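Trainee: Now for the letters of each chain:
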Amino acid sequence: MIGSDFYLDDPRPADGPPVIVGAGPAGIRAAQTLLAHGLRPVVIDEAPKAGGQIYRRQPDGFGRTPKDLYGFEAGRASDLHQTFDRLRPQLDYRPDTLVWNAQGHSLDLLHTAQRTADSLRWRDLIVATGATDRVLPVPGWTLPGVYTLGGAQVALKYQGCAIGDAVVFAGTGPLLYLVAYQYAKAGGRVLAVLDTAPAVQRYKAAPAMLAQPTVAAKGVYFLSWLMFHDVPVHHGVQLLRAEGADRVQAMVWKDAQGAEQRTNCSAIGLGYALRPETQLADLLGCEFAFAPLHRCYVPQIDADRRSSVPGVYLAGDGAGIMGADAAEISGELAALALLQDRGIKTDAARQAKLRQQLDKTQQFRQALEVAFPFPDDWAARAPDELVVCRCENITAGELRSTAASQPQGDINRIKALCRVGMGRCQGRMCGVAATEILADTLQVPVAQIGRIRGQAPIKPLPLDMTVVSADQEASHG
Amino acid sequence: MVKQLGTEVVVIGGGIMGASTALFLRQRGIQVVVLERDLCGSRSSGVNFGGVRRQGRSLAMLPLSQRAHQHWGRLTALIGTEAEYERSGHFKIARSEADMDSLVRYAEKTRDCGLDLQLLDGAALHKRFPIGGAQVVGGSFCPDDGQANPRLLSPAFATAAARAGAQVFEHTPVLEVAHNGQRFVVRTPDMEIRANVVVNAAGAWAGQFAEQCGEPVPMRIRPPAMGVTEPLPFFLHWSLGVEGGSIYCRQVRRGNVVFGGGPGLVLDDTRARNRHTTVWAQLPQLVELLPQLKNAQLIRTWSGNEGALPDHEPIISESSRQAGLYHAFGFAGGGFQLGPGVGDVMAELIAQGRSSTPIDAFRIDRFSDPACST
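Heads up: the sequence lines are chains A and B, in that order.
Under this note's numbering, think of the first position of the first sequence as 1, with each following residue one higher.
Under this note's numbering, think of the first position of the second sequence as 1001, with each following residue one higher.
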């Protein structure tokens, strides 16, 4: 080792309660499993209430029923929420808390409401940080009124409002239909669903989809419901641009026959499925590998969700997008692996069953990828003037000209040279699109572009925060 | 299949020292190959604060710093880009009478060195530089010091060297350097390069190589602790430092305030980061110095591995053991501004056997000389 007085020397603590980051489906099931085996975990969540994004809970005094909010998933949502509420007194639960850094065996926390900071040591850690929208921009996407699909859904679930009174949903993936359905069901005017996936892909995927017939049936239901309620659904489209003066006024697109169409609207929900939120795993030192299914680098895990770092387990979408149901399964699996590693007896049959269920979901995921393929031609079609990185206002043309001088293609070098991914979002929003454009420009596989290195803080940190205590030990349960 | 290559000089390390050495060698018509383990300028040279500052340097270093300053003045002609370089001025603040005395003494000692320092007392300072609130008692301003973007500038030196005819190989680690009695033989995974001269400009990793050559130096890795805010309306024209250390900052044209101060954290042989206790110490100091930042947000922190020697001076020297071997490393905390000066001096040393700028204080054997040991 090189000599330094500033070397990180932080041996793993011998004791302490397990720590779970994230209180979505994966985090809640992990907490439940640990409690059932006699451990009292610390649960850290950025949100004010547990549930995660998919089962996001409403502020107090919210009037709509779970059935209205979650549709088919109402039962699952209620079950998770009730499970958490029942367990909460036994948990060391810390909502409104952002994990902004990981250093050795400490997590650095910001308590967002009080703007105070402290650290928490961990002996073992379940990372359940979930996902964010996978964004592929179109010209005009920075106009007010253009949202991501996930953002549109959160507005509806959490704030009880629509992103506009006349909405177009565009992109591809199951979320496209779910959100369109939820909006229409809630009384929103959905002018069109514009799916970049050709209809024929759906038939190709159908046999494999039947691996999970109930999930597939839901998809069919959403589509039929939309069509029955006269919501126009177009397959195999090309999204050309969002137009408007001060805010969005129309979506311009090409139909499957190649004719240019224009749909006037007051808002657009845009998205191409999800991407894993991996920064915490990165700062923890987990090894990553390129996953063709997710078209990005994800932290490596074994079948029981152990990462490459001893004591770190990855549950839910953060280690690869598998959806909410799989998140619950993987949360339980991760907790069981943790228990096993602590020498606590677990039910081997249960573990085997959970693994099998995850395998099935994996097959279904493959089928989804066939049904809703990533638009391979997006990068080639992106015009030079398209803003890719909205924090730093970096266009596709700037990315292309920077890449032209960097045959190595390394995205961190390109970030250094042209500022892509250097703003407030640190590449979380623009990273996918930038990677696609670089790969297309250099005519190399996406894997060769690499991934933007995680750098603390994971999200912006107020300069005037107050440090409460430097190294707080987690309370023993 | 191992490729055979012959050249006059092999430079190990494509950071600002190695790349500018290659550039100045080419300007003297000398054949050179640069070997960089990662990407040129991707390590310390590319992740430092970006201060282009002479003020505050030791008397021993000032002549070299001045020589570098001349090159900075013609940067575009030298490397074809200005990389956000501007002579914005460097302003050093005193927070106590004792610190102010220290700034006054420095200004006296360096009067003939061409820094043109302007000393300001509290009242004059608050009129001219409305920063820092009441805790600032005075300061020293160096009008022609400035700042640049190291992420852009350091790779640009390598590009310029290549344009001038240097052969630059990235992702090319050096596996072994041997001497066959006549020439050096430098081995990489797919090349064997023969050369008369080897320059060790391997930054934080140069100490290991020096040790292999039989002249160990007490170098330790000292990672800086860097951070940057979100972009803010432009308000800070000068690069700022504080006498006695602690915090330094500058605002880039994009509007972000870049800052540093205190130790970072070495993760392993190749990686470093800022550390949480340092971030906690930096933020309140920054807000105290620049109340404009009170509601701003920190968006990124970083560090890199830099090599430091106990007397805080670098090593710029011919080897004491092996003819034809030269060293340029150990610049922790101050190498960026020196870069072009060091490259010029190294090329001069190699081409003419002597440097017209005094560099005796930077000899590699100074730690083995009993008179100098601490």
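Simulated from the structure, these hints should not be mistaken for lab results.
Some clues are possibly wrong.
What the hints assert, rightly or not - Once the Cα atoms are required to be at most 20 Å apart in a straight line, the calculated EDC-like pairs of lysine to aspartate or glutamate come out as:
id : chain 1 : residue 1 : chain 2 : residue 2
1  : B       : K1294     : A       : D325
2  : A       : K459      : B       : D1311
3  : A       : K360      : A       : D410
Said to hold, decoys possible - Which chain A residues face chain B? A few, computed with CB under 8 Å, are given here:
id : residue
4  : G3
5  : D108
6  : T112
7  : S119
8  : D246
9  : M465
10 : V468
11 : S469
Since the structure is predicted, the reported quantities are computational estimates derived from the model, not experimental observations.
All residues carry an ideal CB built from backbone N, CA and C; glycine is no exception.
Trainee: If a hint holds in the structure, say so; if it does not, say that too.
Mentor: Checked hints:
1. Distance hint between K1294 of chain B and D325 of chain A is unfulfilled; the C-alpha atoms sit about 43 Å from each other, more than 20 Å.
2. Between K459 of chain A and D1311 of chain B the CA atoms are separated by roughly 39 Å; this puts the pair beyond 20 Å, and the hint is violated.
3. A hinted pair counts as satisfied when its Cα atoms are at most 20 Å apart, and K360 of chain A with D410 of chain A does not qualify at roughly 35 Å.
4. With a least beta-carbon distance of about 5 Å to chain B, the hint placing G3 of chain A at the interface is held under the 8 Å criterion.
5. Taking 8 Å as the C-beta cut-off, the interface hint given for D108 of chain A holds, the closest approach to chain B being about 5 Å.
6. For T112 of chain A, the suggested interface contact is broken, since its CB lies about 12 Å from the closest CB of chain B, more than 8 Å.
7. For the restraint placing S119 of chain A at the interface with chain B, the shortest Cβ-Cβ distance is roughly 6 Å, inside the 8 Å limit, so the hint holds.
8. Hint status for D246 of chain A: violated, given a least beta-carbon distance of 23 Å to chain B, over 8 Å.
9. With a cut of 8 Å, the hint placing M465 of chain A at the interface with chain B holds, because the nearest CB-to-CB distance is about 7 Å.
10. Checking V468 of chain A against chain B by beta carbon gives a least distance of about 10 Å; that is not within 8 Å, so the hint is violated.
11. Because the smallest distance between the Cβ of S469 of chain A and any Cβ of chain B comes to about 10 Å, over 8 Å, the interface hint for this residue is violated.
Checked against the numbered hints given earlier, this structure breaks hints 1, 2, 3, 6, 8, 10, 11; the rest are met.
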